[in-house]
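Asks: Residues per chain are reported as follows:
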Amino acid sequence: MLNLTREQLLNGAVVSTLLVLSALALFLDEPFYITLVTKVTILAMAGVGLNLALGLGGMVSFGHAAFFGIGGYVTGILASHALNEELLFTAFGFAVFGTTNMLFIWLFAVLISALAAALIGYFSLRTQGVYFIMITLAFAQMIYYFSIAWPAYGGEDGLSIYQRNQFFSINTLDPLSFFAICFSLLLAVIFLVSRLKNSHFGNALQAARQNEQRLAAVGIRPFGIKLTAFVISAMITALAGALFADLNRFVSPGMFSWHTSGEIMIFVLLGGVGRLFGPVIGAGLFILFEYYLGGVTEHWMLFLGVMLLTVVLFARGGIVGVLAGEVKHD
Amino acid sequence: MSVLLNLAQIATFYGQSQALFGVDLSIQEGQVVALMGRNGMGKTTTIRSICGMSRASSGSLHFLGVDISTLPSHQIARLGIGLVPEGRRCFSNLTVTENLLVAARARAEHNNHWDLAKVEALFPRLAERRSQYANSLSGGEQQMLAVGRALMTNPKLLILDEATEGLAPVIRQEIWQAVKQLKAAGQSILIVDKTIKELLPVADHCVILERGSTVFSGLPEAMSKTILQQYLGV
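One line per chain: the protein sequences are A and B, in this order. Okay, so the first sequence: first residue is 1156 according to this note's numbering, each after it adds one. Okay, so the second sequence: first residue is 96 according to this note's numbering, each after it adds one.
Simulated from the structure, these hints should not be mistaken for lab results. Idealized CB from N, CA, C, for every residue including glycine. Be aware that one or more of the hints could be misleading.
Just so you have them, the derived chain A footprint on chain B, three or more residues with Cβ under 8 Å [claimed, not checked]: (1) 159 to 169; (2) 173 to 180; (3) 239 to 249.
Incomplete in silico selection of chain B near chain A, CB under 10 Å [stated by the list, open to error]: (4) LEU120; (5) GLU124; (6) CYS146; (7) GLY147; (8) MET148; (9) SER187; (10) LEU277.
Turn these sequences into a full structure, and let the hints guide you.
Replies: Following this line, the structure appears as structure tokens:
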């Protein structure tokens, strides 16, 4: 007999809901809804990334838009060079071209964001609390204004990707196929985070969240643990950014803006800080509000704000906390 | 016997105010040293200075001949100093087993004596609480967990700061029992405790601090009534 906790049951329900919704949309021949569910899936992944830093490591990054945007722009830049058959750059006598292969794009998106996160984290993690929030925000804003000022890739207008990138021989323009790719990646990322959470590294990270001095007293350098987690967190958010670019076939400086950082944080707070599937629920609610309330009134953010306040004031564990109770050990 | 830890004339400040004015302390391998003194005389500051949490501004600190006065805390811990901080500081958001495993580190150059099973043999109560969060344990159990966590680093020197403070008599005895077992196994220990009649029987050597300076260093038997009265108020 399977002995599942309430949280595991809830997680199963969340996964099934995404699958059922996409199947229903297919059955009703409403591909738009598949795209909507795909959007939830991608934004959820960005939240899962932030949740690693915020939920497990206690690092309140208000600059994760930087990584989301880097993922997006790497996709846009590589694809636009490949589609226009232009050189990307030449280095050491080698000509480097763009690519429309998703696998390579993901790889570069993740690697470049890891570099950026290592740099940003190295400086930001010397501070704590409000200063950490402000300095991560400052880094993201720097990149935001840089992207606006850089005319080569559209500047303020953004950059269009004429066609979706390639993933083996799958027709990625087919909404269901693209959803399947995003959904599988989301599950893979969540699995990775759950393994990390229960590893020695994950324990040390949660210990660092509580008290860095105590962690140092058992011989572990808190800075290294936190920086590693920050970098992994950024890589996950960048992968989501790359998928988001392919979903919209368009990237713009908006991906770097502080609104994006705020939205990613809202997914985590609404769903449940530190809960594995929290960001999935958070992103789902966000899109539900945006789409349905947004259709009724342009002031839908007001209702989202009220909901966020309610959760923060009365349900600190977020929606997962309300439905599945306190964190239980598995 | 070789010298494990040696502090010579260390002075430590908290901002502008000086807490230590000249502490001398030496621990031989296998020794249990009691660090004594009334409240506010610098016992915890001495420990914080050893562990690199507060920096000694002058004097020398050597552990196994290595100058540790400028090393960061985690490197000092890796050299082989296991701290049980004052006030049972467990990681309350981790389970008992996770608290122990965070500290576990196998090192080739050490004898990796301690593992989960050994800690649970020393404190059987922890075995019954494996998957409970540390914040759901009783005070005594948290203290046992803090000691176990320090042991998991396979320390050459174990530092116990007020390990029995505020605990019920039965639990205190369990902790003292464990200290005696550790001593019998040859573990070097630096121990701070307020209950002198329980502390003296396990101590090989006593050091008394008064206003941030070492005023006595010698065998427990060498402490006269006057010394006890003058410096410890008993």
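Asks: For each hint, tell me whether it holds in the structure or not.
Replies: Hint by hint, here is what the structure shows:
1. Counting residues of the region 159 to 169 of chain B whose beta-carbon sits less than 8 Å from any beta-carbon of chain A gives 3, enough to reach three: the coverage restraint holds.
2. Counting residues of the region 173 to 180 of chain B whose CB lies closer than 8 Å to any CB of chain A gives 4, which reaches the minimum of 3, so the coverage claim holds.
3. Under a criterion of three residues with beta carbons nearer than 8 Å to beta carbons of chain A, the stated coverage of the region 239 to 249 of chain B is upheld, 4 such residues being counted.
4. Among the interface hints, the one on B:LEU120 is violated; its C-beta lies about 19 Å from the nearest C-beta in chain A, farther than the 10 Å criterion.
5. Because the closest C-beta pair between B:GLU124 and chain A is about 20 Å apart, greater than 10 Å, the hint is violated.
6. For B:CYS146, the interface hint holds, since its Cβ comes within 10 Å of a Cβ in chain A; the closest pair sits about 6 Å apart.
7. Here the hint on B:GLY147 is kept, as its CB sits about 8 Å from the closest CB of chain A, short of 10 Å.
8. For B:MET148, the interface hint holds, the least distance from its beta-carbon to any beta-carbon of chain A being 6 Å, beneath 10 Å.
9. Because the smallest distance between the Cβ of B:SER187 and any Cβ of chain A comes to about 7 Å, under 10 Å, the interface hint for this residue holds.
10. Because the beta carbon of B:LEU277 sits about 17 Å from the nearest beta carbon in chain A, more than 10 Å, this interface hint is broken.
Of the numbered hints stated above, those contradicted by the structure are hints 4, 5, 10, listed in ascending order.
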